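Asks: These are the residues of each chain, in order.
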Amino acid sequence: MSRIGFGFGGALGRVVRAGVGRRRVQTLVLVLSTMMAVTSAVLAIGLLAASRAPFDHAFSGQHGAHLAAQFDGTKATSTQIAATGHAAGVTAASGPYPTVTVDQGHVNSTALGGDVGLPPMSIAGRADPGGPVDDLTLLDGHWVTGPGQAVLSADVFGPNQLVGAVLSFPQLPGSPNLTIVGVAQSVTGTADAWVEPAEVPALRAAGAAPTFQMLYRFASAGTDAQIVADRGTLADALPAGALTGSLSYLNAKLSAESSTAPIVPFMVAFGVLGLVMSVLIVGNVVSGSVGASLRRIGILKALGFTPSQVVRAYLAQALIPSAVGIGLGVVLGNVLAVPLLRREDEVFGTPPQVVAPWIDVAAVCAALVIVAATAFAPALRAGRLRAVDAIAMGRTPRAGRGRFARRVLGRLPLPRAVGLGLGSPFTRPARTLAVAAAVVFGATAVTFAFGLATSLQRVHAGISRDGSADVNVFLSDGGPDSGTTTVGPKGGGTAPAAADSAAVAAAIAAQPGTRSWSGVSRYELTVSGVSGATSVQLLEGDSSNRYELISGSWFTGPGQAVVPTRFLEVTGTRIGSTITLTDKGTAIPVRIVGEVFDTSDQGMDVVTDLRTVSAVDPAKQSHEFDVMLKPGTGHAAYVSALNNVLDPIGGHAQDNAIRSKDAIFVLLDGMIAILTGLLVVVAALAVLNTAVLETRERIHDLGVYKAVGMTLRQTIAMVLSSMAPIGLLAGIVGVPVGIALHDYVLPVMGHAAGTNLPHSILTVYSGVETVLLGLGGLAIALGGAMLPASWAAATRTAAALRTE
Amino acid sequence: MDAPLIELRQVSKRYDDGPPAVDDLSLSVERGEAVAILGPSGSGKSTVLNMIAGLDRPTAGSVLVEGLRVDGLGESGSAKYRRDRIGMVFQFFNLLDDLTVADNVMLPAQLSGMPRARARARAAELLETLGIDRHAHAYPGRLSGGERQRVAVARALINRPALLLADEPTGALDTASGRDVRELLSELNQDGQTILLVTHDIQLAESCATRTIRLVDGRIASDSAVPSVAGPAGGAR
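So the sequence lines, in the order shown, correspond to chains A and B. Note that the first sequence covers residues 0 to 803 in numbering that gives the first Met the number 0. Note that the second sequence covers residues 0 to 236 in numbering that gives the first Met the number 0.
What the hints contain is simulated information worked out from the structure, not anything from laboratory work. As the structure is a computational prediction, the values presented were derived from the model and not from experiment. If a hint is listed, it holds; no wrong ones were tucked in.
Label-pair distances were calculated between CB atoms; the ranges are: (1) B/Ala-123 with A/Ala-301: 42 to 50 Å; (2) B/Arg-56 with A/Leu-411: 34 to 42 Å; (3) A/Ala-793 with B/Ser-223: 40 to 48 Å; (4) A/Phe-403 with B/Ala-123: 15 to 23 Å.
Glycine included, each C-beta is placed from N, C-alpha and C at the ideal position.
All chains should be built: construct the whole structure from the sequences, respecting the hints.
Replies: Here it is, written out as structure tokens:
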């Protein structure tokens, strides 16, 4: 090894340390840009992995059912149904299992605090928990060994100790009882309880038709479209109408991933933005550093440094600060992931998750490789320079480029200092383009973040029903949460309010200041093809603004319903389809007329006119009323006056002025603000770095300008003007790109959350906002150039003139 | 009698803890004079020039030009002073390579806010007077040293300064170009332009200065009129 050294010790190490320490701005830019990119990458990949891992693992282990199909036993025999297990595309099947839906049951358990009502339950008859599809995991107790026994799904009451408790169904013929002998879990929730197949007929209401369930795995089941196609194949294999409903595994997967999956697309967008900016900035900084150190490189070579050592020196000067940034990025990414993963843990009830170590390692390695690859080209250029040329080039400022632009600009009616500044970007077009690209990405990030935050705000307003009303009115037996006095996680029986709903509605309508009102109640009913209970919202009054319409129309009378996107996907229905609600054994056909934006209850709500159900069950009435007031109506006075009327008839009004924001939206807003802030800072630092390089390279010219009378303000104006075109360009290019990114990412986020998005959430950029965002690029550029401009203004003229 | 154009009163300049670059120096220059400051390297002559130009500040004493305390000016005040009252010519010309000859010459006028048309007319007049108008649209890199220095002089004179400061104006020129610049400065002084130049070039001092001041270790070693050259404006001899 020579005395100069081939490693990074000795002279080479000192050169690298000096290079890193001397160029503090460039070092800071490298640290922050790589930190930003790695933070976003760790967050995006970490959340993606964390959101998918638990479900994927369980689905694989249980040979989960891609589709759970429900068949009408009066239209197809069990043999015919069993034969669908050999239909085209089916790779494995289990069943047919006889099924029944029971409601108005009770369970008596100390773990649940006594006798509680049960939600409507889907019960399947299975002889054993295993099989080629939906291999159930027995969490407690044992499988059914005879009549009068049931294994309860863990989805119904969670991990409570229920073995030994008795399920009773007094409304059914013979008032059957079932003793819970075990608790099991199906990854896709194929049933709420399992009994022996022979037990099922005893649980069926008088006159109810027999039904069967088949569970399938398919060769192609990655998308909704493939599942729909597979479902079609099954339907075609049986007599018409035999297939009455189905449940896709994608529904369960969506539920499992719903807390973090929507976050991933925008994290990926920020990650990609950060990565590209990082590459641009690393390239810009290292080539700028080489360009500004030509004389130094020449001297190093004259002293005996080999080309390889020079290349390594400049690579190391990029890698050392980048490594610091990458390390900080990994830490920050892990720290920011904690609150998001905590939500995931709460959903699954799993132990606290952290970002998988392999993600940290991969992010570090990938970032280092990208930085090294980006820095290699300018470092190689430094290594190939001849010593004499490097010294000569470093001593003499390069001129020649951009002269035409300067001449043209010199003829424009602009202050001379501004004209001189505007000409600067043309002197080094490659550097200008690189920094312009960085600012474009900064402007893109700001535009994207603005749109995202606005859309999320509207999403929040859209899904927060309480948020849309000025005043809420509750019936006296109820409160804000007791519109349904349900028991169990899905709700069940309801306790109609003692107050007269119609009288309350009339009082609200007659109250001066009322602009509009709507009444709402929620019941758990069964829907054909959907296992367990489905939440059905019954509305009256002016309810059409309650949800944002995505497609179709609002219902105009009884027998019509609107449903969320996910309901359509899960049930394989579409606008115009008719579904069957079952209330206490009475079938109520309802036609779907619209698709609404609603993510509550995993997007499985059915929203219909109160009269749809009250025609069959007059006891069903509104439990809560939302009131919108006329403009100028005082909330407090209105509530007070209305309560005077409502008190005697059993209603109570309250002002809805206090509206809390869901924690996830606060979290997302914070996340967007942090990532956007980082991107903007990095973009501004890229400008700062360029302005510093320009100022250093043209320090002698600066001395001349000042010697011939350029004032402090004119100097600042000149430096700021040199970056202004870059900012304007960034605005012109970055804003449309940011809008396009928003328009692409939002639907992807919506899809991850299981819903399409209404037009109002997607269209968030107004003309004025677009112009203001366009000026954001200019603000970033001017902000980044302000410090170098001040330095330039403060530079002593005599010292600048001596600099060559 | 009019107040002197330049007046240095007991001016000292010390850099860090070293010996004084200029030591208790007093000096006055009348309008119309062409004063050459001579001296070996490190004698303080460039420091004196920089202090008069407002590029450097004395550690002690005061510098007045046209009665204005130059040493008390802020950055903006210094810049305005330089563009309105003085013109500077440097050894290495200090022309801006990215600007044409005409644009270089017009620059101080434009920075002063002079309308472009007037600045262009004044630049054309100067370039013609100095015999380089054919190079108006050329870039400085294509000109000879003498021509570049003429451009620098034109730029220095664009705002009709009371004082022309020249720092080794022939130091980077060959013999012919040096002679050319000497004649130019001499002509300017004969037309009434006050000139203060710093030089090693005794020939330059003798041919175009009306007075020579020799500095040694920051002090005036001699201050004498040059009898062979008599400017029409007279001056304090």
